[in-house]
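Visitor: From just these sequences and the hints, can you work out the full model?
Number of protein chains: 2
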Amino acid sequence: MYLETINSPSDLKKLNIKQLNSLAGEIRDALIKKMSIGGGHLASNLGIIEATIALHYVFESPKDKIIFDVSHQCYTHKILTGRKAGYIDPKFFDLIEGYTKPSESDHDIFRLGHTATSISLASGMAKARDLRGGNEKIIAVIGDGALSGGEAFEGLDYCGSEINGNFIVVFNDNQMSIPENHGGIYEGFKKLRDTEGKSNDNLFKVFGYDYIFVKDGNNIKDVVEALNRIKDNNHPIVVHICTVKGKGYRYSENNPEKTHFVRKFDVDTGEEVYQFNGERYDRIVRDYLLEKMKQDPLVVTMIASVPNALSFSKEYRLEAGRQFVDVGIAEEHAVTMLAGLAKGGCKPVFTTLSTFFQRTYDQISQDLCINETPATLIVVDASVYATNDITHVGIFDIPMLSNIPNLVYLAPTNKQEYLAMLDWSIEQKKHPVAIRAPRNGVFYAKYDVDTEYNEINKYMVIQQGEEVAIIALGDFFQLGEELSTKITEKYGYVPTIINPRFITGLDKELLTRIKDNHNIVITLEDGILDGGFGQKIASFYGDSNIKVLNYGLKKEFLDRYNVNAIMEENHLKPEMIIHDMNALN
Amino acid sequence: MYLETINSPSDLKKLNIKQLNSLAGEIRDALIKKMSIGGGHLASNLGIIEATIALHYVFESPKDKIIFDVSHQCYTHKILTGRKAGYIDPKFFDLIEGYTKPSESDHDIFRLGHTATSISLASGMAKARDLRGGNEKIIAVIGDGALSGGEAFEGLDYCGSEINGNFIVVFNDNQMSIPENHGGIYEGFKKLRDTEGKSNDNLFKVFGYDYIFVKDGNNIKDVVEALNRIKDNNHPIVVHICTVKGKGYRYSENNPEKTHFVRKFDVDTGEEVYQFNGERYDRIVRDYLLEKMKQDPLVVTMIASVPNALSFSKEYRLEAGRQFVDVGIAEEHAVTMLAGLAKGGCKPVFTTLSTFFQRTYDQISQDLCINETPATLIVVDASVYATNDITHVGIFDIPMLSNIPNLVYLAPTNKQEYLAMLDWSIEQKKHPVAIRAPRNGVFYAKYDVDTEYNEINKYMVIQQGEEVAIIALGDFFQLGEELSTKITEKYGYVPTIINPRFITGLDKELLTRIKDNHNIVITLEDGILDGGFGQKIASFYGDSNIKVLNYGLKKEFLDRYNVNAIMEENHLKPEMIIHDMNALN
Numbered sequence: 003m004y005l006e007t008i009n010s011p012s013d014l015k016k017l018n019i020k021q022l023n024s025l026a027g028e029i030r031d032a033l034i035k036k037m038s039i040g041g042g043h044l045a046s047n048l049g050i051i052e053a054t055i056a057l058h059y060v061f062e063s064p065k066d067k068i069i070f071d072v073s074h075q076c077y078t079h080k081i082l083t084g085r086k087a088g089y090i091d092p093k094f095f096d097l098i099e100g101y102t103k104p105s106e107s108d109h110d111i112f113r114l115g116h117t118a119t120s121i122s123l124a125s126g127m128a129k130a131r132d133l134r135g136g137n138e139k140i141i142a143v144i145g146d147g148a149l150s151g152g153e154a155f156e157g158l159d160y161c162g163s164e165i166n167g168n169f170i171v172v173f174n175d176n177q178m179s180i181p182e183n184h185g186g187i188y189e190g191f192k193k194l195r196d197t198e199g200k201s202n203d204n205l206f207k208v209f210g211y212d213y214i215f216v217k218d219g220n221n222i223k224d225v226v227e228a229l230n231r232i233k234d235n236n237h238p239i240v241v242h243i244c245t246v247k248g249k250g251y252r253y254s255e256n257n258p259e260k261t262h263f264v265r266k267f268d269v270d271t272g273e274e275v276y277q278f279n280g281e282r283y284d285r286i287v288r289d290y291l292l293e294k295m296k297q298d299p300l301v302v303t304m305i306a307s308v309p310n311a312l313s314f315s316k317e318y319r320l321e322a323g324r325q326f327v328d329v330g331i332a333e334e335h336a337v338t339m340l341a342g343l344a345k346g347g348c349k350p351v352f353t354t355l356s357t358f359f360q361r362t363y364d365q366i367s368q369d370l371c372i373n374e375t376p377a378t379l380i381v382v383d384a385s386v387y388a389t390n391d392i393t394h395v396g397i398f399d400i401p402m403l404s405n406i407p408n409l410v411y412l413a414p415t416n417k418q419e420y421l422a423m424l425d426w427s428i429e430q431k432k433h434p435v436a437i438r439a440p441r442n443g444v445f446y447a448k449y450d451v452d453t454e455y456n457e458i459n460k461y462m463v464i465q466q467g468e469e470v471a472i473i474a475l476g477d478f479f480q481l482g483e484e485l486s487t488k489i490t491e492k493y494g495y496v497p498t499i500i501n502p503r504f505i506t507g508l509d510k511e512l513l514t515r516i517k518d519n520h521n522i523v524i525t526l527e528d529g530i531l532d533g534g535f536g537q538k539i540a541s542f543y544g545d546s547n548i549k550v551l552n553y554g555l556k557k558e559f560l561d562r563y564n565v566n567a568i569m570e571e572n573h574l575k576p577e578m579i580i581h582d583m584n585a586l587n
Numbered sequence: 003m004y005l006e007t008i009n010s011p012s013d014l015k016k017l018n019i020k021q022l023n024s025l026a027g028e029i030r031d032a033l034i035k036k037m038s039i040g041g042g043h044l045a046s047n048l049g050i051i052e053a054t055i056a057l058h059y060v061f062e063s064p065k066d067k068i069i070f071d072v073s074h075q076c077y078t079h080k081i082l083t084g085r086k087a088g089y090i091d092p093k094f095f096d097l098i099e100g101y102t103k104p105s106e107s108d109h110d111i112f113r114l115g116h117t118a119t120s121i122s123l124a125s126g127m128a129k130a131r132d133l134r135g136g137n138e139k140i141i142a143v144i145g146d147g148a149l150s151g152g153e154a155f156e157g158l159d160y161c162g163s164e165i166n167g168n169f170i171v172v173f174n175d176n177q178m179s180i181p182e183n184h185g186g187i188y189e190g191f192k193k194l195r196d197t198e199g200k201s202n203d204n205l206f207k208v209f210g211y212d213y214i215f216v217k218d219g220n221n222i223k224d225v226v227e228a229l230n231r232i233k234d235n236n237h238p239i240v241v242h243i244c245t246v247k248g249k250g251y252r253y254s255e256n257n258p259e260k261t262h263f264v265r266k267f268d269v270d271t272g273e274e275v276y277q278f279n280g281e282r283y284d285r286i287v288r289d290y291l292l293e294k295m296k297q298d299p300l301v302v303t304m305i306a307s308v309p310n311a312l313s314f315s316k317e318y319r320l321e322a323g324r325q326f327v328d329v330g331i332a333e334e335h336a337v338t339m340l341a342g343l344a345k346g347g348c349k350p351v352f353t354t355l356s357t358f359f360q361r362t363y364d365q366i367s368q369d370l371c372i373n374e375t376p377a378t379l380i381v382v383d384a385s386v387y388a389t390n391d392i393t394h395v396g397i398f399d400i401p402m403l404s405n406i407p408n409l410v411y412l413a414p415t416n417k418q419e420y421l422a423m424l425d426w427s428i429e430q431k432k433h434p435v436a437i438r439a440p441r442n443g444v445f446y447a448k449y450d451v452d453t454e455y456n457e458i459n460k461y462m463v464i465q466q467g468e469e470v471a472i473i474a475l476g477d478f479f480q481l482g483e484e485l486s487t488k489i490t491e492k493y494g495y496v497p498t499i500i501n502p503r504f505i506t507g508l509d510k511e512l513l514t515r516i517k518d519n520h521n522i523v524i525t526l527e528d529g530i531l532d533g534g535f536g537q538k539i540a541s542f543y544g545d546s547n548i549k550v551l552n553y554g555l556k557k558e559f560l561d562r563y564n565v566n567a568i569m570e571e572n573h574l575k576p577e578m579i580i581h582d583m584n585a586l587n
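Residue numbers (the numbering used here), protein chains in the order written: chain A, 3 to 587; chain B, 3 to 587.
Since the hints were derived computationally from the structure, they do not count as laboratory data.
Some clues are possibly wrong.
Given that identical chains are not distinguished, each listed pair holds provided it fits within a single copy or across any two copies.
Here are the simulated DSS-like pairs of lysine-lysine, each with C-alpha atoms no more than 25 Å apart in a straight line [claimed, not checked]:
1. K556 - K432
2. K296 - K492
3. K417 - K296
4. K15 - K223
5. K16 - K65
6. K233 - K223
7. K556 - K517
8. K460 - K556
9. K510 - K575
10. K294 - K432
11. K65 - K431
12. K217 - K207
Guide: So, in structure tokens, the structure goes:
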């Protein structure tokens with residue numbers, strides 16, 4: 003066992019190539035075993051074991067800087083840089099994170115999780131080195147679909163002419179994004195693979211880079227030789243390595259999309275251990291959209307390389323045919339193309355995660371909202387209940403999106419409402435609409451749900467009461483119901499419950515009317531309070547005697563948190579809210 | 003005079019090439035004359051007159067769709083499509099806008115003003131056409147620096163493999179951005195020009211496009227022939243036309259950067275008529291940064307192709323040397339590179355317009371704020387007093403930026419404070435900092451300004467008073483002073499004036515303290531109210547008896563507005579605020 007002997011990259015340098023190959027096998031076994039228990043980015047990491055070993059064999063990290071794009075493929079890097087316990091000892095599985103993290107190790111430079119930034123980050127470090135007069139090598143490792151992100155091209159373009167010293171881009175060409183790749187550059191990469199790097203259609207040369215090709219990026223010896231050849235370069239160079247996503251684990255090699263990210267699975271069959279067979283919004287919406295597309299050839303379902311957001315696995319994509327568009331990792335293009343589709347008479351729906359909509363603020367504002375193009379955005383994983391890695395937390399979209407003029411941002415509270423809003427949005431012709439997919443389970447409406455939402459910012463009174471009005475937004479609606487029940491149990495009276503439905507504006511008529519027989523307004527929202535929904539309500543009542551208590555999350559970057567603890571910290575428990583109410587004078 | 007006879011593109015088709023050449027001359031004269039009076043994008047439009055005539059000669063707009071990137075070079079297009087009065091008759095100069103606008107004409111498809119979106123917009127229209135079974139041609143016209151924007155690459159990449167029908171990208175290669183170009187692709191374009199399109203380093207072929215080259219894009223006959231040759235293509239093609247920015251007006255050809263956008267100027271000399279010689283923040287900050295860079299080799303001044311934001315014209319850029327970085331039109335890369343520079347030990351400062359920071363929400367959140375990299379952003383033109391074209395209005399940055407955790411967003415109220423904040427920001431090592439450049443003139447401090455801002459969210463009481471507390475943010479501070487004076491004149495008592503300085507948080511200790519002897523808190527901010535600063539104050543006081551009145555702008559896309567009228571509409575006048583105060587019960 004060589005893995006036992008490796009506590010830092012310097013230990014690696016004591017081994018010969020044969021020993022390194024053995025080490026790679028040990029790491030592969032460890033990664034498969036670990037992920038079969040704790041989940042993670044399986045296929046991406048299996049593909050880059052050998053190249054990572056080669057990088058640490060040739061370069062002198064942490065003096066030399068290796069920046070992994072997205073950093074979802076850094077597991078081998080972590081194993082080699084003092085953190086192997088996180089991959090071989092179940093006790094430590096949760097202590098070492100899935101992305102790079104400087105506080106874990108000097109070998110990690112940035113916290114990353116979004117694509118296509120590594121070249122730009124590296125360019126800053128290279129420029130800083132040159133101004134400081136340093137001599138460290140700067141290496142960006144990018145691939146696995148990330149090259150189609152606009153920022154990667156911006157970075158390639160800038161560095162191609164403006165960085166003069168050592169600057170190495172390792173392009174990990176595994177022929178995949180999360181699903182298959184889309185885009186013109188991939189044909190060029192195929193030509194480069196077919197000609198062993200000799201094709202004239204060379205993206206990198208066009209951008210001003212020197213270039214070398216490594217046919218087998220899973221061969222440590224070949225990658226080491228290539229890196230040794232160019233490591234002292236004093237100008238930008240791309241090292242194009244061809245790797246196999248899921249390498250060495252047959253189930254993953256055969257199912258690279260399905261095993262891009264996995265949960266606990268059976269190593270023998272590759273099947274996930276827990277199959278969820280209950281209702282899920284991703285599948286409900288997928289089935290709705292499939293049916294809708296069959297009925298109407300102008301409905302278009304668009305994703306940006308994250309089919310999982312709607313459970314749109316390959317068979318469903320094929321079923322949708324040309325009405326399904328995957329633009330690749332290119333969210334800005336996606337939103338702008340959406341504006342073009344809508345203007346061209348289509349009824350387009352683009353779905354991605356709340357955290358990835360952060361890439362598209364400008365396109366939503368300019369192309370959708372200034373132009374008032376009737377397109378639909380489905381914002382998933384926008385909730386304290388969703389992904390909890392710091393780079394992927396989905397609690398910031400309300401301030402980001404809801405303050406853009408002309409956007410109608412809707413917050414459904416149950417299945418019927420979600421589908422009614424979606425159908426209305428697809429068919430209407432006046433507004434860009436975003437829908438915040440609930441994330442706290444599939445609830446059913448206990449009241450008649452509207453089928454159209456043309457009266458913008460019209461809230462719905464679900465329970466007419468007195469004293470206290472609870473305005474419960476989106477998937478905190480059920481929390482509002484719970485609070486109401488607790489208040490009635492405790493004090494006898496029935497509070498009013500309002501489902502605002504619209505995040506983007508105030509129902510001033512209703513808000514004025516409830517002044518008559520209410521003293522307290524409570525707002526609940528599943529996102530940060532700053533810049534959000536409740537603060538607008540507080541501002542509205544600023545000139546009145548109504549007391550307003552806003553509940554939501556504190557403005558902070560949450561990271562790998564316990565939902566219950568966060569809810570408590572933010573007083574998002576009925577008893578705590580009642581306590582705050584009683585503290586009012 | 004042929005111009006008299008042209009009321010739509012069909013009139014154009016009655017002319018022969020010689021007559022079209024005469025028409026181009028007439029349009030050139032009209033544009034120079036019009037812009038010498040009313041200003042506009044001079045050099046960009048002079049360069050593309052012939053190509054625009056050729057486009058409308060060959061294609062059938064509005065059936066065929068011509069989408070101009072940024073649309074700042076659409077003047078000839080407007081002249082040819084029924085709007086020539088806006089360019090030849092001073093009475094109508096202000097009626098026709100500088101960018102495309104569908105409500106002006108069916109020949110305009112989108113309202114645009116930001117770069118690099120045309121290919122993506124066109125892709126949506128092409129996909130919609132294909133789903134509808136239409137046969138219109140789709141043409142995107144891009145150039146003048148816009149190709150370095152990441153979204154342009156995303157669009158090129160997507161269409162290169164995913165669009166199967168007619169799809170034409172006209173690349174207007176004028177060898178310029180606003181200043182000179184930066185980036186690796188420009189060397190490739192030079193090779194294409196030098197080889198008349200035969201070089202192997204062909205960006206467009208690499209992206210999967212067919213390609214033709216037109217050596218003289220200012221020759222109508224050549225462009226017409228080229229377009230005729232490829233207009234019925236059924237696959238994506240790039241028509242690379244080489245044009246001269248400022249063509250036909252010597253002063254502009256010799257000074258393409260200076261004449262990219264002009265104000266009223268003397269046609270004989272090219273000099274602007276009104277020279278402003280008073281103090282301006284762009285020059286003050288430029289001089290400060292130049293001096294700072296001389297003292298400290300690690301200070302880096304970065305722009306993204308908008309040197310005007312800091313009056314960094316060529317001679318100053320040369321003076322700054324390698325500590326000055328222009329990344330080209332690539333704002334996302336800029337912010338991420340900034341994170342790399344800061345992590346690498348530099349002290350980087352990136353300046354652009356509020357409206358262009360919209361491109362960088364994700365990079366500010368992920369690369370700067372999650373990583374807490376000590377970098378400085380200067381946000382200019384963030385004000386009701388700044389640019390007033392709908393696509394460039396700067397009143398949305400407070401909700402966009404101030405709700406991102408870890409960012410310190412500062413609002414200076416006078417010259418000493420602005421420079422003190424900037425200097426503190428550059429030297430500190432803990433926070434990403436943004437500074438909102440005042441836009442209401444250069445004021446001088448009437449009190450001692452702090453030299454450090456380490457105590458985050460510490461507001462400053464400028465005048466201790468009673469009854470009413472005026473919290474006046476950034477360049478509405480002077481409005482707050484005016485309001486205070488009016489209140490004292492009218493009612494005898496002295497209100498409290500607070501300069502909050504920090505947009506990103508609350509000074510809860512101070513806000514609690516002023517409850518003791520104040521009944522009303524008034525907030526003033528130069529931006530939209532929704533999601534902004536004042537609503538946080540209202541939420542803070544939601545549980546108290548303090549009345550809060552928030553003043554700022556309504557959430558809407560303002561467009562070519564009169565500042566005074568907008569201020570009145572939003573009650574941003576001392577008398578109106580006093581009236582609102584009196585209406586409180």
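Visitor: Next, verify each hint and record whether it holds.
Guide: Okay, the hints, checked on the actual structure:
In this assembly of identical chains, K556 and K432 lie within 25 Å of each other by CA distance solely across copies; the values are 21 Å between and 34 Å within a copy. Taking the shortest alpha-carbon separations for K296 and K492, neither the intra-copy value of 52 Å nor the inter-copy value of 69 Å comes in at or below 25 Å. In this homomeric assembly, K417 and K296 come within 25 Å of each other (Cα to Cα) only inside a single copy, at 21 Å, whereas the closest approach across copies is 62 Å. Proximity of K15 to K223 under the C-alpha cut-off of 25 Å is restricted to the intra-copy arrangement: shortest distance 13 Å within a copy versus 66 Å between copies.
Proximity of K16 and K65 under a CA criterion of 25 Å is satisfied intra-copy only: 19 Å inside one chain copy versus 69 Å between copies. For a Cα distance limit of 25 Å, the shortest separation of K233 from K223 inside one copy, 15 Å, qualifies, whereas the shortest one across copies, 51 Å, does not. In this assembly of identical chains, K556 and K517 lie within 25 Å of each other by CA distance solely across copies; the values are 23 Å between and 28 Å within a copy. In the homo-oligomer, the alpha carbons of K460 and K556 lie at most 25 Å apart only across protomers (19 Å), although the nearest pairing inside one protomer, at 27 Å, exceeds that limit.
In this assembly of identical chains, K510 and K575 lie within 25 Å of each other by CA distance solely across copies; the values are 24 Å between and 28 Å within a copy. In the homo-oligomer, the alpha carbons of K294 and K432 lie at most 25 Å apart inside one protomer (20 Å), although the nearest pairing across protomers, at 51 Å, exceeds that limit. For the identical chains of this complex, K65 and K431 are inter-copy neighbours only, at 21 Å across copies versus 57 Å inside a copy, given an alpha-carbon limit of 25 Å. Taking the shortest Cα distances, K217 and K207 sit within 25 Å of each other both inside one copy (18 Å) and across copies (23 Å).
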